[in-house]
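Q: Got chain L sorted already, so can you dock chains R, F and Z with the ligands onto it with the hints?
Letter by letter, the chains look like this.
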Amino acid sequence: MSDSQSAQPEEKLSKKQLKADHPTWCPGCGDFAVLASFFNVIQKLGLTQTDFVCVAGIGCSSRFPYFVNSHGIHFIHGRALPLATGISLSRPDQHVFVFGGDGDGFSIGGNHLNHAARKNINLTYVIMDNCVYGLTKNQTSPTTPIGRRSKTDPQGSADRPINPMAQLLGSSASFIARSHAAHVKHMTEMFERAVKHPGFSVVEVLSECTMFYPGAFDAAIPRKGGEFNLINEEEHDLTSTSKAFDLAQLEFPGKFGVFYQDERPSKNDLEQKWINETHDKQGDLAPQDLMRQKFAAMQ
Amino acid sequence: MSDSQSAQPEEKLSKKQLKADHPTWCPGCGDFAVLASFFNVIQKLGLTQTDFVCVAGIGCSSRFPYFVNSHGIHFIHGRALPLATGISLSRPDQHVFVFGGDGDGFSIGGNHLNHAARKNINLTYVIMDNCVYGLTKNQTSPTTPIGRRSKTDPQGSADRPINPMAQLLGSSASFIARSHAAHVKHMTEMFERAVKHPGFSVVEVLSECTMFYPGAFDAAIPRKGGEFNLINEEEHDLTSTSKAFDLAQLEFPGKFGVFYQDERPSKNDLEQKWINETHDKQGDLAPQDLMRQKFAAMQ
Amino acid sequence: MSSVGASPQATQDDALRNVVIRLAGNSQDGIQSIGGMLGRLAGRTAQEVMTHMTIPSTISGGPSIYQVHLGSGEVLHAGDVADVLVAFYQHSYDDHLDSLKEGGICLYDSEKVEETRDERGIHHIGVPFTSATVEAIGGTAKDRGKNIFVLGLLCAMFHLDREKLVGIIERQFGRKGEDILRNCLNAFDAGYAFQTTDLRQFRFAPGEATHSKRISSDGNTMLGLGLIASGVRYGAGYPITPWSSIMELLRRELPKYGGIFVQAEDELAAVSIALGASYAGHLAVTGSSGPGLALKAEAIGYACMAELPLLVINVQRGGPSTGLPTSVEQSDLLQAIYGSHGDSPRIVLAPKDVEDCFYIVLEAAQLARRCSCPVIILSDQALATRIEAFNEPNLHEHWIEPELDLSERGEDFKPYPVENLTQHAPPGSRMAEGSYPKVTGLEHDEMGHPSGNPVNHQKMTEKRRNKLIALAADLPLSEVYREEDGEILLMGWGSTYGPIREACDRLRDKGLCASATHIRHLHPLPAGLDELLARFEHVFVIEMNDSGVYGHGQLATILRAASCNPAIHSICKTDGLAYRVSEIVDGVDNFLA
Amino acid sequence: MSSVGASPQATQDDALRNVVIRLAGNSQDGIQSIGGMLGRLAGRTAQEVMTHMTIPSTISGGPSIYQVHLGSGEVLHAGDVADVLVAFYQHSYDDHLDSLKEGGICLYDSEKVEETRDERGIHHIGVPFTSATVEAIGGTAKDRGKNIFVLGLLCAMFHLDREKLVGIIERQFGRKGEDILRNCLNAFDAGYAFQTTDLRQFRFAPGEATHSKRISSDGNTMLGLGLIASGVRYGAGYPITPWSSIMELLRRELPKYGGIFVQAEDELAAVSIALGASYAGHLAVTGSSGPGLALKAEAIGYACMAELPLLVINVQRGGPSTGLPTSVEQSDLLQAIYGSHGDSPRIVLAPKDVEDCFYIVLEAAQLARRCSCPVIILSDQALATRIEAFNEPNLHEHWIEPELDLSERGEDFKPYPVENLTQHAPPGSRMAEGSYPKVTGLEHDEMGHPSGNPVNHQKMTEKRRNKLIALAADLPLSEVYREEDGEILLMGWGSTYGPIREACDRLRDKGLCASATHIRHLHPLPAGLDELLARFEHVFVIEMNDSGVYGHGQLATILRAASCNPAIHSICKTDGLAYRVSEIVDGVDNFLA
Ligand SMILES: Cc1ncc(C[n+]2csc(CCOP(=O)(O)OP(=O)(O)O)c2C)c(N)n1
Ligand SMILES: Cc1ncc(C[n+]2csc(CCOP(=O)(O)OP(=O)(O)O)c2C)c(N)n1
Ligand code: SF4
Ligand code: SF4
Ligand SMILES: [Mg+2]
Ligand SMILES: [Mg+2]
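Chains as they are written, first to last, in numbering that gives the first Met the number 0: chain L, 0 to 298; chain R, 0 to 298; chain F, 0 to 592; chain Z, 0 to 592.
Excised from the complex, chain L in its bound form (with noise of 0.2 angstroms):
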């Protein structure tokens, strides 16, 4: 989370004044709850529309920026990651967030994800899994468990499947939260320590693809004879990455909550501090000066 540098702080946004589009979801589709609770979210911290900007992909759940009253971009397929650290990089007074789906940032994302975590660039991420490719109609995606037909896995899909916790872990993320849609509670409460959060902020939503994988997490929800089990953070060591990959190895459905965090510098602070040492080192000379010297050294 980035400090606000707004000039005047203003009125909280209505949660009309947040609506944007209405959204072109299926009727049931877990992003609705993932859009409400982000509602809430920027409800509760007072962010307004000048302090904040959504960012996303290619698919259904990439389609989140329309349906939020406030600046948004929706990019190529894969490159939410790249265009939101531009963003972040340039302009430290946004929050910048990223809406995508488990392809999106799992498959052909999935390299901006180990850099953008490594790197430790200041936004945050919600990925919306559904275990399947929405948008082009449900094929295989990244996070499909072994087993499931779909259209490009007509027998049933073979491969391992990612682990998205332990991936990110992998890459040194350092801040990695798993929710569930049908759990609005928990899934805003993650956002908003998501939002927190200096640096680079990851959750995973279960989010129910109603229309090619409905009950895909049933398991996790009581009232579908599931279990959702909350990580225990008293027993939990949050800054443990060994701790955090023993719990990224536990059977689908897992726990849920934080899996670890750690405050080390972003890489927007790292080179802002790279850019007031230099002002320090070269006094306060005006930019053309400064080319000018430089042609000196030409001559």
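Worth double-checking, as some hints may not be accurate.
Think about it this way: if two alpha-carbon atoms lie no more than 30 angstroms apart in a straight line, the pair counts; the simulated BS3-like pairs of lysine-lysine are [what the hints assert, rightly or not]: (1) LYS15/L to LYS175/Z; (2) LYS242/L to LYS195/L; (3) LYS462/Z to LYS509/Z; (4) LYS175/Z to LYS272/L; (5) LYS184/R to LYS43/R; (6) LYS175/F to LYS293/R; (7) LYS242/R to LYS242/L; (8) LYS136/R to LYS272/L.
No wet-lab data here; the hints were simulated from the structure.
A: Only chains R, F and Z with the ligands this time, still in chain L's reference frame:
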């Protein structure tokens, strides 16, 4: 490792037969030792030139295939793994070796590593990690340690580097080892075990770039005052991801040896199984008749 | 042969030759499903058919149409205007009444639609689709079955072959369980038997197709099957509309033929995996739609340089960027030819209709093997999804059984001979001379060793280009429809083939001396095309892309550059819809006016 | 003005106006370093200079040349043939003696080279570089210092400004420590004082440059500084030769100006990061060379569709694929214009020399801001690495201080107005009307909402294209050198500017009525270019790329398509070397023969 299916077993190759162009590497470059070690393993396993193929991306280390007198392909930057995947899946008779640098593998190619690992593609991947971009002359690489100066980090690198072992664990690689080009015997042992592993095997070799980053790995060379600490396999459970993850967190230069190994079916096996099951179901229809059946359904 | 001249009423007594039916509803109601069945019926009754559909903007559905053009003779397009409109909802009625021709028939659900417009002699026929269906099969949620009821109505109305239609329903719904099938058949019968005094009866002239085995299919299916028939057993792709269904087909079908199709993590991996299989000795395929083709550009350029064969399918959609993913456009031609850095010669082809999707792959595979370079096939969203009926391909003639050639290569083997066409030796093949070849994207000498020698680079660049010049000389010159010279030549490429032919006829009807030709080989263009074009006073290149900064569409740009023939003009549009015949005719009229 | 006509001997008594010195050795010996110092000297002595170097194929070095063309008047190319060859090794001697003109001077290390060829009146002068250096500075490993010894020799031989040269040595070696500097100066003095009866003395005519502040630089440096002067403060890239040194400069310099340059994980990320900063309100830059540009194609297409401004620098090298990474070529033009899917209009510019690298960025930034679209600058390997001397840019005139415009947008604000140029509102700007804009790569309406409406898609496609047509009308028409009409027009783009001008003069000398022009704006081309070309009997487009399947280079292809002028011919080559003047002259001669 795939079972060699070549018709007749042949004479072992001599070093001379294995050598092709004289390497264009700088004098003292660690990659020479990797090449020597590779020749040892080929000889030891009795592979001939019709049994294996060398694949690489772009970088100094990726010039490897030119120096081996076998079938070889020098592809584009960062995509050697998917190219090798195509060879491996379509040619079960071939041992597929992939060679490349830290930039090729962890920067531009990072996502392919994640996915080749989880899919457990049957091949052996040797990463010559020199913690720098050699071919393009000294820019920061994804494994460059914090503080090191390069042409792109004149003030010293600030971003946290990739932790290769952790990333590979996070993406479920089934054989993960780490070696050092100054320790040819150890390296040869690692290569041999990697080749024998059924499925996806990776060996990260610390291989010094004498031109741009001399002394980078002295800390693990006893005659330069360092320590070469091996993993004690009596104590280390090779099948425990979390033990391996702990090992991966050790301070530089860390430990050397096999971090992790598990035997699960490779994608090659799984696809072949599907083919076999399909054939069992359809009986021995000629391929043309199969398509005629399809046409009949379209009438 | 045009559907527009003849109204169904007018030919009530005679047999009908053509009819265009537009089904307008919500996609959830299964209008695609009954549209597809009508298409399949055409295949079984020696009739011609072409369909056209729109895809709703949300996954869960929404307003959508499915248009079926049925004909006893040749059917070249999906119909400019409809003879019959079936309106399921008020919005369907409101949005699509204008698509009906004068005196056309509007069949609507009398429980959902209010008949508000009395115009242009349109006959309105209200039938209570919903309650009649409920009556037939019992009240079901979400009005399921209405579509099948309507199919029954249409069957009766046009005297369609009831038996065959029932067979198609049985095949489609049989696997979904007995109950569902029974409901469907009940709904069908209810529609078939529904009595309305208003309902006119039409009878089709017998189909003219003579072949005994007719099939009906969409273009993507034929591309997929063509790949298998071409001996392609390996490939990789990443989902994207409208390419996905080809990869879904290959993923399903290839294992039956001992092959493997990989769903890759992205398009960069997909093209690389395919290239790996090609290098390994199995001509392989990758494919995508616009954005994915852009991502494959670097690796395709590698294949040009390393002279590896590869098939690349690009199913074009509306662009640029994410654009209009479910609309049709032909705006990837220049990217296909020039999309990689450096001079990277490759072959580009485009199929003209659904049937041709099968044969173009066979040709592409042959060219890729011959020239050892990538071949890009440009299909488009319209071809991908529309259904046509045609003769079943003769697999005796059109089948290549793949072979992996691991034979020993002689002393003189070179992976990149300057004077000859490149034919790589795959891994596993023995080299008699003892030295093993390298394949590379660096400039190289004949053995594949990197070489910075200036003369060598010049020669190798020429080698890679000259094989295309040699190919151009061998390519058949495009056939000209109507006369070999004259005032007007209409030309196009890809899925506009049909409407352009039809427009040519209409221009003739109007007394203009028009001919038409179709470019199947887009790069290289067949040698001699210049001279062909020079025989006409005006050449109109009709394309579904933008006329650009200089006023010319993408093919027109290439033709003008190659021939400097100032008679080449463009008729372009980018509204995401297939060409109507009238738009082409108007385009020519406007130019000549 | 040509260096070829006048031999140094012939003008021994007069002052020299031009001399071409070729240093041939191994790259490890520091020949680039002394070549660069000679180049810098030119800047300080009001002389003109152009250099040319080859890069060895291995990282650790190998045979390499550095050629310096010094002149008192205008210097337009690096010299076809050398006046002086300095040969450090036998291989240098053997490989480069042919590059000497008749009667030229070959200065060689008499301890390493055997003088084997007595031909064409070449004067051989042997000097024991190695031992003389060792004598001067003591035995050092690896013969270091030889290069500086030779610099001293050359300084004496051509009466170069000793004081300035010593100043340059001090600046260069001062920071490396006192010992090293002392050794260098000793080696220099030893060379300067070296007595050889053979050694002729030449004296340069005073430089003609009048500006008081002259600088010398390579093209990449001027592109980098131009970016900063254009107000660019953010960017991202990934290393690739020969682009890397621009990103290295930006990474080093931008923090001084409060900016950030990111080394991304790959080119896909790099272009996206830059686009993020542009969207955020700071016009940003990304860049690469050929393969990297291919990888950026999808995102560049997005910028066209979403109408975001962006600067993209592409330093061309030999292609296709990995090609010849350290050679020069101009084969990415069509990729730059047409490399993305769909119709994706963008602007493409190319600088003509090192000085122009600075100004072209300023223009590019202005156009990107005005048209809100990507602007691609095509530089090349020759421009990237060669050194020229020119007047220091006047920053009073040429400086844009960046501004982030977060002002409130009025009620009528639309991110994509159909009738007006798009000007986005960056995040953080308040919308008076209360509804916040979306930026998207889907086809969209004026507010950025996705829209599949056919009329809208047609209109928006036209909007994106029409802004380029409007721009074309505003662009200055290319100037014609020599006469405004006539028999022959030579034309080119990018780094061939100098040799083409010089070739024009030579053709005139031969009695041909030749003129020359240079295309700076490659896409869109300035309006009116057709008419300009039509005034000449023959138009020769000179390019460093392949003549392709139809016999035309890449710019020629575009010109022919736009104008259908059959007088447009191509002179092309792809040997990875910059054009020699004689190659152009011969190309014209051959055509006219
Ligand atoms: C370069 C590119 N490749 C492929 C696509 C097609 N595509 C769009 S969304 C998507 C995946 C959707 O899955 P996910 O990211 O999980 O999002 P969901 O729809 O499930 O929310 C794909 C493959 C594209 N738009 N661009
Ligand atoms: C698409 C693309 N981007 C960038 C490059 C330039 N490039 C070549 S090798 C390389 C990185 C080399 O580093 P590494 O992979 O660590 O190999 P090393 O040379 O250190 O062995 C880069 C950036 C390229 N060839 N292609
Ligand atoms: S397809 Fe699935 S993910 Fe997409 S909107 Fe519908 S329910 Fe949601
Ligand atoms: S630059 Fe470094 S990595 Fe490359 S060959 Fe030389 S020593 Fe090896
Ligand atoms: Mg998903
Ligand atoms: Mg490296």
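Q: Starting from the hint list further up, note which numbers the structure goes against and sort them upward.
A: 1, 3
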